[in-house]
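Asks: Read off the chains here:
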Amino acid sequence: MGVWEIAFLSIAYLGILFLLAFWAEKKKAQNKSLINNPLIYALSLAIYCSAWTYYGSVGQITSNGLSFLSVYLGPTLVMILAWGFVRKMVRIAKIHNITNIADFISTRYGKDSRIGLGVTLISLFAGIPYIGLQLKAIAQSFDLITQSTPSATFYQDPSFLLFISLTLFILVLGPRRFDSSEKHEGMIFTIAMESIIKLVAFLAIGIYISYQIYQGWEGTLQLHTISLPSIETNGGYGNWFIQFILCGIAFLFLPRVFHVAVVEIGEEENLKQASWIFPLYMLLINIFVIPLGIAGYALLNSSGLNSDLYVLGLPIHFHSKLLAFIVYLGGFSAASGMVIMETMAISSMISNNLIMPLLLRQKGFFSDNQNQLGSINQNIRRIMIVVIMILGYVHYRETESLVNLVSVGMTSFVIVAQFAPATILGIYWKKASRQGALTGILTGFIISAALLFLPNLGISTDVFRIEGLNPVSNATYWSITFNVLALYAVSITSKQNGKDANQSYLFVDVFEYSKNIENSTIWRGKARLRDLRQALSGFIGKINTEQRLKQIAKANNLSLSETYADPILVTQTEKILAGFVGSTSARLIISAISKEEQIGMSEVILLLQKSRDLQASNAELVKIDAQKNEFLTTVTHEIRSPITSIRSLSEIMVEHEDISQEERKTFLETIIQESDRLSRLVNQVLDLEKLAAGKVNFDMHSVDLGAVIEKAMMNFTAIAQQNQVGIQVDVSQKRTQRQIHGDFEKLVQVIINLLSNAIKNVEPSKGIIQVRLYENATHICIDVEDNGIGIDPKYHDQIFEKFKQVDNPNRKIDSSGLGLSISKKIIEMHQGTIHLESSLGHGAKFILKLPIQKTA
Amino acid sequence: MRILIADDEPAILMSLDFLMRKEGHQVFVARDGEEAIQLIEKELPEVIILDIMMPKIDGYGVCQQAKALKTTYQPAVVFISAKIAESDIEKGYEMGADLYIPKPFSNRDLVKKINELYEKLKN
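For the record, the sequence lines run as chains A and B.
The working numbering applies: residue 1 is where the first sequence begins, and numbers increase by one.
The working numbering applies: residue 1001 is where the second sequence begins, and numbers increase by one.
The set of hints was computed from the structure by calculation and includes no laboratory data.
Careful: at least some of the hints might be erroneous.
[Said to hold, decoys possible] Some chain B residues flagged as far from chain A (calculated, every beta-carbon gap over 12 Å):
| id | residue |
| --- | --- |
| 1 | ASP1008 |
| 2 | MET1053 |
| 3 | GLN1074 |
[Said to hold, decoys possible] Distance condition first, Cα-Cα at most 30 Å in a straight line; then the derived DSSO-like pairs of lysine-lysine:
| id | chain 1 | residue 1 | chain 2 | residue 2 |
| --- | --- | --- | --- | --- |
| 4 | B | LYS1083 | A | LYS766 |
| 5 | A | LYS690 | A | LYS623 |
| 6 | A | LYS628 | A | LYS695 |
| 7 | B | LYS1083 | A | LYS794 |
A virtual CB, placed ideally from N, CA and C, is assigned to each residue, including glycine.
Excised from the complex, chain A in its bound form (with noise of 0.2 Å):
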């Protein structure tokens, strides 16, 4: 095909995503959004796959055999194993409103710009060559399909005008709107697009090589018979089990895979079913590597095209033309995504931590900008994304045929997994500090760098290597072992200090105390109003910060009219800041503002702790408040029973003169019968509010529960005479040997609550109640046992509760409801038991153990 048809479709496929971006805008600002969803966010994370997946694992097959399948496994074990880790990740940096890994480390690390600085020039050091990389898949498929060859000056380089084009692209829809809380809709959406994209190619040429041309995946391989480096052969599973630790580690800090996955993911839900949809994307893109490089290596490999190209030397071979597009296009969006979202985030991180904090520690520079910080950020982010655009490009012109795809990409992932050690030990280990967070990054960064590049420059680092590994593992593992060696030592050792250690805490426990970060706020000091509304109105405008602070002063019932603003509205300005342009300046703009009190870290901890307990004891309360709700209404509902017949008998009296003397009796016995009722009711709920209160003193003495028995059942005989009830008293050493310690009154009234109980269960006539009394070595129990209808096992539980009468069957086991609760509260403070043994239809029979009193 054709150099400027080739170009002007390249260029067309970049404006076709531009109004699919535009459109997602759209359906945004709409509420629609298209990107918050998993499958869309699983194919969005698949911009891990760049040109290196793409053409570069086939390219591999031949020389390097199966390794390519570490660097699929890494990171699809880390979805579907390490999910939790990842859901950390996102929720801290959604409370922290962090856009960038560089962001997170420091914001961890007390916000320490010299680290966030390191971050972001490692990240940045790493990226050229990896952008450089992409920017080179794309001018030599280019070159290969429209079998030219690359221009001498770059700027008659066709190919150069891609590159024009999509760092355009870049500008248009990169820096417009970079707070966290807004997320970058249209961005992602292409993103997802060309994974959809690059899938279906890679699929396209993989069933046409497989099954096209050859008889199956099998036949492709028995057609040829090249015997694939194994595993052994290359290195040994040593090597290939760094490389995949390698790969699962270095996923998540790649700056492009960063920000997808922790910065743009719309809800945390996401993630659950992300965890398999990007395994089974990894699966699929991977599924033809085999057959397309053996393939390759058949029809392509004497022609003497570079291996790296097999996945579209393949089609151009078979003459066929469409398939060739699709090809190239499929790696076009593979590279031209990895570069997009590479130089979007490595921008946003040197505007972050090195040109902002700068230009913020300049003096005057603020009191002069304040209005226009929002627009000087986007236009140093711009700037930002042109520079590294162009550093990628000469580095590729530079080194063109230096390297070839996946030694670039994997040295890059040897370094930003320098990040990983801070990373992983600062969200799950309190004590790991700033100083050793920085010692362990640039430890590891040196050693890798120094494993990785001395040897270019003709240095032999041999001393250092490993007897069977490759550069790539060897540095992986020296540089890994020193890192978080340093980092733990230095932790160890060094102290903490106080924002350090606050940062800490908020980090390590995010989930126990995330909704408190929200709302507390952690900062003392005083700022202006006015400056506040400044400082924000140059990033979000005039309307969006009057907005803004105003949901805040409304959610924590704040003053907006006062000078100085409350202590909240400054932590959330800085919030809302850190989104725009990082933490560090966020705590570079917020200080130029204020004036500050440092608070230790024990008092942000008490704070911390404070809120959540009164959250806690704000549950309680409310609990408390429905038990004591629902107590009032039985009580009262308890009381309307003889209210109701006293009232009802007496006016009967009052109407009806004519009624005869002896109804006339039975009435008032029972009126006097229903205020009794009335008057105990009324006592035993004051006792059990008493007891509850701890407000009942108890009268200790020695007591013989044989005497206590004997003196309910004075009390009692009478009403089972009158209920025709039998008691039968076993007492078979009528005097125990051994005495309690204990209240007689209050164990009399024990035993009477239990009768009275066992009596109302029991049928009149047929009723007999067996009171037992016996010793074992250390307690002295009574039992009561009735053979009335017993109660069911279900309801043994909360029998005891206030009110509890087991409403099913609706029978009334406690005559108030309450007499059970007492009892227990009064063997509970003599250290004893009282337990129930009971089914429907076979009696009741309640245990008392009361504790014998330990002779001196």
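Since the structure of chain A is provided, determine the placement of chain B on it from the hints.
Replies: Quick look at chain B alone, frame taken from chain A:
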């Protein structure tokens, strides 16, 4: 008129029994839901006065069973209950009550309302 009164409070049963008898009605009394249903099936009273919180079968259950007994038999049901919240009263009417009288009640008021219901029933 034939009236059934069911309540697990003997004292209340006593006074209601007296009041209804004085009005010249024929009265049956029950101490729980089960007894009430047996009596209803046997006697088919025109008016049924029910407490709600009763042993074995509660007032709602008795009301529903009575109403579903026979198509030709449509008794008037009166709940007399200590459950006096707005929502309880609403529920009572939803369960098919013709009248809901909160406890404690005034005798005169109760008698008047039941007589009115009886008149309405006759027409």
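Asks: Take a quick look at GLN1074/B and tell me if its Cβ sits farther than 12 Å from every Cβ on chain A, holds or violated.
Replies: Holds: least Cβ distance 26 Å, greater than 12 Å.
Asks: Take the C-alpha atoms of LYS628/A and LYS695/A, compute the straight-line distance between them, and say whether it is at most 30 Å.
Replies: 19 Å, holds
Asks: Between LYS1083/B and LYS794/A, does the CA-CA distance stay at or below 30 Å?
Replies: Judged against 30 Å, a Cα distance of about 26 Å means the pair holds.
Asks: Within 30 Å, alpha carbon to alpha carbon, are LYS1083/B and LYS766/A?
Replies: 34 Å, violated
Asks: Hey, is MET1053/B genuinely clear of chain A, shortest beta carbon separation above 12 Å?
Replies: 7 Å, violated
Asks: Sort out whether LYS623/A lies within 30 Å of LYS690/A, counting only the CA atoms.
Replies: 20 Å, holds
Asks: Would you say ASP1008/B is clear of chain A, with no C-beta pair closer than or equal to 12 Å?
Replies: 8 Å, violated
The structure shown violates the earlier hints numbered 1, 2 and 4.
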